[in-house]
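Engineer: Residue-level listing of the chains:
There are 2 protein chains.
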Amino acid sequence: MPRVIRSGRVVVCCVFMAFGGAGSSRADEGMWLFNRPPTELLKTKYNFEPKPEWFDHIQRSCVRLSDGGSGSIVSPDGLVMTNHHVGLDQLERLSTPEKNLLKTGFYAKTRDEELKCNDLEINVLWSIEDVTGRVNEAITASMSPAEGNTARQKKIAEITKAAEEKTGFDCQVVTLYHGARYHLYSYKRYTDIRLVMAPEGDIAHFGGDTDNFEYPRFCLDMCFFRIYENEKPIKAEHYLKWSEKGAENGELVFVAGHPGRTQRLYTVDHLKFLRDTAYPFMLNALWRREVQLLGFSARNDENARIASGDLQGVQNSRKAYTGILAGLHDPEIMKQKTDAEKKLRAAIAANPDHAAQWGDAWDKVAATEKTYESFYERYATLEGRASSGGSDLYRIARNLVRLAEELPKPDGDRLREFHDADLDSLYLRLYSPAPIYDSLEIDRLSSYFALIAERFGADDSIVTRILAGKSPRDRAVELVKGTKLKDVAVRKQLAEGGKDAIAKSNDPLIRLAYDIDPEARAVRKRYEDEVESVEKLSYAKIGAARFATYGENEYPDATFSLRLTFGEIKGFQEDGAQVPAFTDFAGLYERHKQRGGVEPFELPQRWVDAKDKLKLDTPFNFICTCDVIGGNSGSPVFNRRGEVVGLVFDGNLTSLVWNTAFTDRVARTVAVDSRAIIETMKKVSGAEALAKEIVGK
Amino acid sequence: MPRVIRSGRVVVCCVFMAFGGAGSSRADEGMWLFNRPPTELLKTKYNFEPKPEWFDHIQRSCVRLSDGGSGSIVSPDGLVMTNHHVGLDQLERLSTPEKNLLKTGFYAKTRDEELKCNDLEINVLWSIEDVTGRVNEAITASMSPAEGNTARQKKIAEITKAAEEKTGFDCQVVTLYHGARYHLYSYKRYTDIRLVMAPEGDIAHFGGDTDNFEYPRFCLDMCFFRIYENEKPIKAEHYLKWSEKGAENGELVFVAGHPGRTQRLYTVDHLKFLRDTAYPFMLNALWRREVQLLGFSARNDENARIASGDLQGVQNSRKAYTGILAGLHDPEIMKQKTDAEKKLRAAIAANPDHAAQWGDAWDKVAATEKTYESFYERYATLEGRASSGGSDLYRIARNLVRLAEELPKPDGDRLREFHDADLDSLYLRLYSPAPIYDSLEIDRLSSYFALIAERFGADDSIVTRILAGKSPRDRAVELVKGTKLKDVAVRKQLAEGGKDAIAKSNDPLIRLAYDIDPEARAVRKRYEDEVESVEKLSYAKIGAARFATYGENEYPDATFSLRLTFGEIKGFQEDGAQVPAFTDFAGLYERHKQRGGVEPFELPQRWVDAKDKLKLDTPFNFICTCDVIGGNSGSPVFNRRGEVVGLVFDGNLTSLVWNTAFTDRVARTVAVDSRAIIETMKKVSGAEALAKEIVGK
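These protein sequences, in sequence, are chains A and B.
Residue numbers for the first sequence follow my numbering, so the first one is 45 and each next one is one higher.
Residue numbers for the second sequence follow my numbering, so the first one is 45 and each next one is one higher.
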């Protein structure tokens, strides 16, 4: 499952919508806001009328993990269920060459044995407030788009800060419909998170990259954490109950989680920019990195261990983007998009008042994407997704340099990630004692340096400044061997020393980040002033146009904030054959045998041994038509009574077009069955006590 | 070892030269012409003075294989030794799902069992003549570069054809020093080639992509063919004798083979074009394809079998280009190049007569590379290395379309690959009954179509014409399922039917190739008129300048024609430790154990079983300072007496910079030891008779 990854790595977040305008028959499409739930649809199609408390209870039982994924609280003692691949970063950091949790799995028999995570943060959405009016107050008619953007950012920082001071919650203003609405989200924030249980990597990701995004599947992609406060597990006000009997074929089910990003509301020209510029660049960067990481990992077992998170992340993103791009290369999909856009624009053009207000928005987006195209690669590599090359040390250096520059400024004037409201999370990551490996850091940085040399040419001024007369690899070695930033105390000293400490530091990575900062800020400013501001303004108009034409009963694109989606458990037709909705343990052992048990189809020894003990017809994985995307990884699947029946961990290949448009003909969400979770805890992992806690007995 | 690959795949050919001008101390550098051998150097440095007959004998004992590699005749009965990876295409074509020669290896106990190859051609260089004067006669002062280029091509075709008619040899005019010299090479051409012996792939490529270009190594990368004429093995006039006792550390050894391409004489601006434009593009295409092929191969064993050649080729090229590009990103190397160029230009500038004749050549190259940059990707994807995406069917279709167009023209006016002198080879490939697999063809073509959509944008006119309203994958399926070109009879019919048959054909691949041809020809013409012609003219001047300044005792860049190189068997220092020149069988079993025997460190069962029988201290692989590059794969290593002591199959990673400049500090050529070849034939492969034939007893 593509997941949203915190930072540094490529963020994957995607989907597809047959947006025919109001009244078109819509399948079970929709990533609905909890403050605008699809009550009408549920009533009409499923005769289901949940009370407001039902929605509140679900909302407050769900969590967002700072490593980039979703989860849910599944016991009164703050037990959190998510995916193994969401917990991967933490499992990697808690492992050593001698004790590799990715290989062996982990289970804390007692609370004392639960392992504290270094830099994991969990958020629970407590309340939502529409602040669109307050945000827009900041903008006057005389402002340019860039000025408006700045004023808006300032206002948002102000609203956020005020809300945090007033409520004590962790607050965030979420931009919806790409700028047509702004909602204030208030979260309970937890930072003492401990690892409770994870199965072996080989069963969590059985089939590896080969089976990723495929179906049928046989993966126990789960991981359990527990939320602590004051050294004790929290007493959860809200948590999801468990369904021991699971769900059945055709049953209505729900998913609540944090879909990362979709582009269903993008204009056709905006999609073409993604298709012809952004995605090809990102895919190239991913192919490149995947090949390099495979080479790095093949050198020895320790390399393979420390790079497994990077590799899995890259392969996952690569497969996701491949599917998304294939969707954009599908003329049928582009035709649907074009037709829908024509229809909406015609409706707006037909009303002179509407035309005057909103008619120019589409062309404005088209023009700004053309501008963006001209500096997209520079933005992506210096400030955007591909910047830093995934290097922990370089990211730390950059954050230290910018922190010194930003902190003295008034809150509203800072780069947005340095607002007071965000500092706690920033410090948590900055001071994380998680291990950093020289060899992997050198590999990441030399790859990053070579990338910019390849893209801009080795004589480009920013490239020569970064390389300082060395080859990419020699420069990476020099920086990684020379820096002291692996030492958390050094980081603290520099952070507390402010501008002066940064100016005086002769740490080579600090110096590099400092030298590059003006150029990186300049390209960021250009993006914000010339692209982001115009997009926000134009999509606010397009949103208004859409609301005026179809009514305000459409959901916004995904934004890594909590959404509710519903659908049915349902197989699909492929090449004339029916693919059933459920797989079982018998199928797992069959596939293991069929692929000769060689990697990535290896089974851990205790799984081989457990074959006779396991109830082989236990449902293992299932598929449903719920509308999800990267970031939804770890989301609970639950029934009308709010009981967990499964755990989302993937979508099939054909679901990747959901980035741009939804279809449920053959696209499906893939989940672990609640019955398999309990059966394997009891029969394979020796985690009887955990199983009891979950089922509440 | 990078090898030159016939067509379709990316051609890898490369190297490095510390060109300090005459008089500088030069290590054992040099890819020498057989008609200008380094007699002075051999005498001075090694006190070795071979007679002219020594060179003639070596020259006529060496062969070039049309699949893109080198070899040598090693018995009076026309036995040819080359690498397993050079024979790979043929091994793949001779395999079936039931009988996979790549897995099992092959040995023909009797002549009757030798397997006939479908489309392999072997050439033996018989004589060389300098025709520079005759070629240049064609060009008058009033011609533009483009006109000159056309006239030169015409003249070359005329010289070639006349020579073939007169001698019955297969002739080729080789462009040396990028245009300063033209030599006519006359080859004996053989097309009845049969497979005699190949070991299992797992021992031939032990360590796979992980160990490729590394040292120490443990690979039995060998393959034996036999040349037939009139259904009988040829009686070879010249063949290399065998050295049973091999060579020792520090011994002078020689390599004769066909290095593919080097850029040691390129101007600095030309190298920058490669560094910033050509190589990044090619590497991107390779990363992309490698990831896709890994996915394709992982799906099932049959996919892995049919794609193994593609995958190995791509991985090999990727590793080679990575090393070459790393060299160009090394400021020291670029400084050497810049200094040497400055020195030569200063010498030319100091002589007004020389300055007037040649002084503008460097700037001309710089300007033309700028022009090339503007259409490089279009050229590469429509007509150059990346065109056709490796699809056999698409290549067949294009050749049929062009054959119909070109054949009616006078020989001199045709596209150069359709000259009379080249038609035999063309037909051999065109009518090859080698198997073509739908699934792999669909994968190749959909990848190719997606590539051009990514690079040019999906709305580009050539892209929309190629895709014809379908997605890349749907279009590939439609074409592969719809074409009849898998049938050799259909190809013959179309080839014999000429223009008319092509115009009437409704084969979808013929139609596609036909529709695209004008655009492909246009971009090719642009390349030839605006780039190639200026390069030839300018390098002819630079060559003359160089000869005038340093004398004519320098070797030309590699051109996939026969060269002689010499050096010593010699280890190197790495991270303070000495890497010895030789490995042995004991080391092989040690590495197998150390890496757990898992792929790519698996050993075939009979190798595991043979451990006790083998003399474990037999030298297995060795390294030497001979100056080689991709295309040299399969070259013999021999001693002063002309006896085979080894078989070149690779260079180490640091040798990849030899593309641009030679250094022998840590860069080495890697070879299989002649003793290992005989020992394993006797003790592992049951090929006693073959061993006897080789050692001549």
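Some clues are possibly wrong.
Same chains, same names: a pair is fine if it fits in one copy or spans any two.
[What the hints assert, rightly or not] As a list, the in silico DSSO-like pairs of lysine-lysine whose alpha-carbon atoms are at most 30 Å apart:
no.	residue 1	residue 2
1	Lys379	Lys525
2	Lys414	Lys514
3	Lys387	Lys89
4	Lys525	Lys210
5	Lys514	Lys386
6	Lys514	Lys387
7	Lys199	Lys160
8	Lys530	Lys727
9	Lys726	Lys741
10	Lys525	Lys198
11	Lys530	Lys726
12	Lys736	Lys87
13	Lys580	Lys198
14	Lys95	Lys530
15	Lys514	Lys316
16	Lys657	Lys453
17	Lys569	Lys386
18	Lys659	Lys414
19	Lys614	Lys655
20	Lys614	Lys514
21	Lys514	Lys379
22	Lys408	Lys279
23	Lys736	Lys655
24	Lys147	Lys637
25	Lys741	Lys655
26	Lys727	Lys614
27	Lys614	Lys414
Calculated from the structure, these hints are not laboratory results.
Engineer: Compare the structure with each hint and give your call.
Structural biologist: Verification of the supplied hints:
| no. | hint | result |
| --- | --- | --- |
| 1 | Lys379 to Lys525 | between (53 Å within a copy, 26 Å between copies) |
| 2 | Lys414 to Lys514 | between (35 Å within a copy, 26 Å between copies) |
| 3 | Lys387 to Lys89 | within (27 Å within a copy, 82 Å between copies) |
| 4 | Lys525 to Lys210 | neither (46 Å within a copy, 67 Å between copies) |
| 5 | Lys514 to Lys386 | between (53 Å within a copy, 22 Å between copies) |
| 6 | Lys514 to Lys387 | between (56 Å within a copy, 24 Å between copies) |
| 7 | Lys199 to Lys160 | neither (37 Å within a copy, 79 Å between copies) |
| 8 | Lys530 to Lys727 | neither (42 Å within a copy, 54 Å between copies) |
| 9 | Lys726 to Lys741 | within (13 Å within a copy, 70 Å between copies) |
| 10 | Lys525 to Lys198 | neither (40 Å within a copy, 59 Å between copies) |
| 11 | Lys530 to Lys726 | neither (41 Å within a copy, 56 Å between copies) |
| 12 | Lys736 to Lys87 | neither (35 Å within a copy, 86 Å between copies) |
| 13 | Lys580 to Lys198 | within (15 Å within a copy, 61 Å between copies) |
| 14 | Lys95 to Lys530 | neither (52 Å within a copy, 65 Å between copies) |
| 15 | Lys514 to Lys316 | between (38 Å within a copy, 16 Å between copies) |
| 16 | Lys657 to Lys453 | neither (64 Å within a copy, 78 Å between copies) |
| 17 | Lys569 to Lys386 | neither (33 Å within a copy, 42 Å between copies) |
| 18 | Lys659 to Lys414 | neither (58 Å within a copy, 68 Å between copies) |
| 19 | Lys614 to Lys655 | within (28 Å within a copy, 56 Å between copies) |
| 20 | Lys614 to Lys514 | between (57 Å within a copy, 29 Å between copies) |
| 21 | Lys514 to Lys379 | between (50 Å within a copy, 12 Å between copies) |
| 22 | Lys408 to Lys279 | neither (51 Å within a copy, 77 Å between copies) |
| 23 | Lys736 to Lys655 | within (22 Å within a copy, 55 Å between copies) |
| 24 | Lys147 to Lys637 | both (20 Å within a copy, 21 Å between copies) |
| 25 | Lys741 to Lys655 | within (26 Å within a copy, 60 Å between copies) |
| 26 | Lys727 to Lys614 | within (28 Å within a copy, 60 Å between copies) |
| 27 | Lys614 to Lys414 | neither (42 Å within a copy, 57 Å between copies) |
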